[in-house]
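Chemist: Put together the whole structure using the sequences plus the hints.
Number of protein chains: 2
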Amino acid sequence: MESVLSPILRKLSRRTALTQSDRAAFLALPFTVKRLNGGSHIMREGDEPVDCCGLLSGYAYRHKIVGNGSRQIVSIHIAGDLLDLQNSLLGVADHNVQMLTAGEVALTPARAVRELAFAHPAIGRAMWIETLVDGSIFREWIANVGRRDARSRIAHLLCEFAVRLRSAGLSEGSSYELPMTQEQIADATGLTPIHVNRTLQGLRVSGLITSNRRTVTIEDWAGLAKVGDFSAAYLHPESAGGLAL
Amino acid sequence: MESVLSPILRKLSRRTALTQSDRAAFLALPFTVKRLNGGSHIMREGDEPVDCCGLLSGYAYRHKIVGNGSRQIVSIHIAGDLLDLQNSLLGVADHNVQMLTAGEVALTPARAVRELAFAHPAIGRAMWIETLVDGSIFREWIANVGRRDARSRIAHLLCEFAVRLRSAGLSEGSSYELPMTQEQIADATGLTPIHVNRTLQGLRVSGLITSNRRTVTIEDWAGLAKVGDFSAAYLHPESAGGLAL
DNA sequence: CGAACTTTTGACAAGCATCAACACGTGTGG
DNA sequence: CCACACGTGTTGATGCTTGTCAAAAGTTCG
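Residue numbers (the numbering used here), protein chains in the order written: chain S, 15 to 259; chain P, 15 to 259.
Hints are computed from structural coordinates only; laboratory data are not their basis.
Beta carbons are placed, not taken as given, at the ideal position from N, Cα and C, and that holds for glycine.
Treat the hints with care, since some could be wrong.
[To be verified] Some chain P residues flagged as far from chain S (calculated, every beta-carbon gap over 12 Å):
(1) Gln34
(2) Lys48
(3) Arg49
(4) Asn51
(5) Ala116
(6) Phe152
(7) Gly160
(8) Leu179
(9) Gly187
(10) Thr224
(11) Thr229
(12) Val241
[Unchecked claim] For the chain P half of the interface with chain S, some residues (derived, Cβ under 8 Å), not all of them:
(13) Ser84
(14) Gln86
(15) Val88
(16) Gln100
(17) Leu104
(18) Asp108
(19) Phe132
(20) Ile143
(21) Glu144
(22) Ser150
(23) Ile156
(24) Ala157
(25) Glu186
(26) Tyr248
Modeler: If you want it as structure tokens, here you go:
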């Protein structure tokens, strides 16, 4: 049975086994689909969300605005990601969520999601694990922004994107669509857009990547991963390790 | 009933209501207590944890080592915190956990914790929420390291500590014990120890704090919070907002 | 074709890192 | 009890990475 919720279910079941009954219950969630333009807000800091939001297509990002007015992007999301477990379970949003590109989201009452999570423990566990993986990515980003230089930070970001898109089945080969402006890359890496521009040029002249406005091609994966100090372990790919209950 | 696990239970129930039966089940967890010296490792990146670890006394911290050898501390923990839900649910540790000071930890088989979480949904929810609050703190740290200057970063760290210690009942008044060396503060804020030293001096001469080797006193809370761009919302204090199932 | 973004380039400034000592306190062993 | 080593804090001089300011060139879209 193919539903618009399938991309999300697919991601949930990537790390945890779900029974047929779990799947059916998930797909039976009430939801509405909304098409959003790039830049539209899904949630603002301080909101008290009532809906839980899953990304069906397009890209989204989370960010915080700090006192001096500058912005820090704290994560980027692709189709299949749940966007708002964090905010809707915690009651009040501590950050903003916004569409990076145009795309579609599925909205489900947060209450229904919570009930499902506890009625079907396997689903609850899967959702919990997704939030823990998000946490692992946050930790890696802290290290990225705190302890790597500009060249490494950007290389790391490009590597992370490549791996995540590929494991979500959203890219093949060594190219992918990166719908971020250099300003947004700057806000994700804690740099200025000018410096991002120069650093990207550096990566290009080193033969590690080619990129035009919206597409990145990794010309030398090993080299880029080395520059970016990248190892995919923190993304906890596939294998469920000690997850068996 | 007072148990050595009480500090942890107290923290779990701070944001979620637990029934008497939930509490009893939690306190019935099998556990062993271990006293650890400052600096001892609780978990290393790559480990496959079988035990789940709760901090009973003392301080601990999580960190990652990056390619150039430098270290990034990604969080600091105080008595009552669960240290290893992240690592033990994900199967393989993606970061290190280490004692900052001497202290005691309670070790419980991860399997027993997982079973409890799903047998007693309220406990599961409470644990999930704790991991989500950890995630919120991670996001704030990304912003801290990515978009604030040295003075703000350190002021922010000091404010966060003050609020967390106080809400855990571990400090009173405006002083608290900060058992971190300047090198560790540097690793938490993405700076060098030298710069931390100079920045702390700056905060002192501004009359915002006084500090000696192991104790920090906040002399001007409003001023320090302003410099640190600090607002406690991301710690999701107390109130359970939309948590009712 | 023009308006609004985005990317690119250049010159310059600044915050923070690096290197190198020195001072201080604490614990240890002779 | 002193000498010494060691970890930590402090200071100074210098340099580099990155930020800031300003403006031009390219791109997208109505």
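Chemist: With reference to the structure, classify each hint as holding or not holding.
Modeler: Hints, one by one, checked against the model:
| no. | hint | verdict |
| --- | --- | --- |
| 1 | Gln34 | holds (19 Å) |
| 2 | Lys48 | holds (20 Å) |
| 3 | Arg49 | holds (26 Å) |
| 4 | Asn51 | holds (25 Å) |
| 5 | Ala116 | holds (25 Å) |
| 6 | Phe152 | violated (4 Å) |
| 7 | Gly160 | violated (3 Å) |
| 8 | Leu179 | holds (20 Å) |
| 9 | Gly187 | holds (26 Å) |
| 10 | Thr224 | holds (24 Å) |
| 11 | Thr229 | holds (26 Å) |
| 12 | Val241 | violated (9 Å) |
| 13 | Ser84 | holds (5 Å) |
| 14 | Gln86 | holds (4 Å) |
| 15 | Val88 | holds (5 Å) |
| 16 | Gln100 | holds (5 Å) |
| 17 | Leu104 | holds (5 Å) |
| 18 | Asp108 | holds (4 Å) |
| 19 | Phe132 | holds (4 Å) |
| 20 | Ile143 | holds (6 Å) |
| 21 | Glu144 | violated (11 Å) |
| 22 | Ser150 | holds (5 Å) |
| 23 | Ile156 | holds (5 Å) |
| 24 | Ala157 | holds (4 Å) |
| 25 | Glu186 | violated (27 Å) |
| 26 | Tyr248 | holds (5 Å) |
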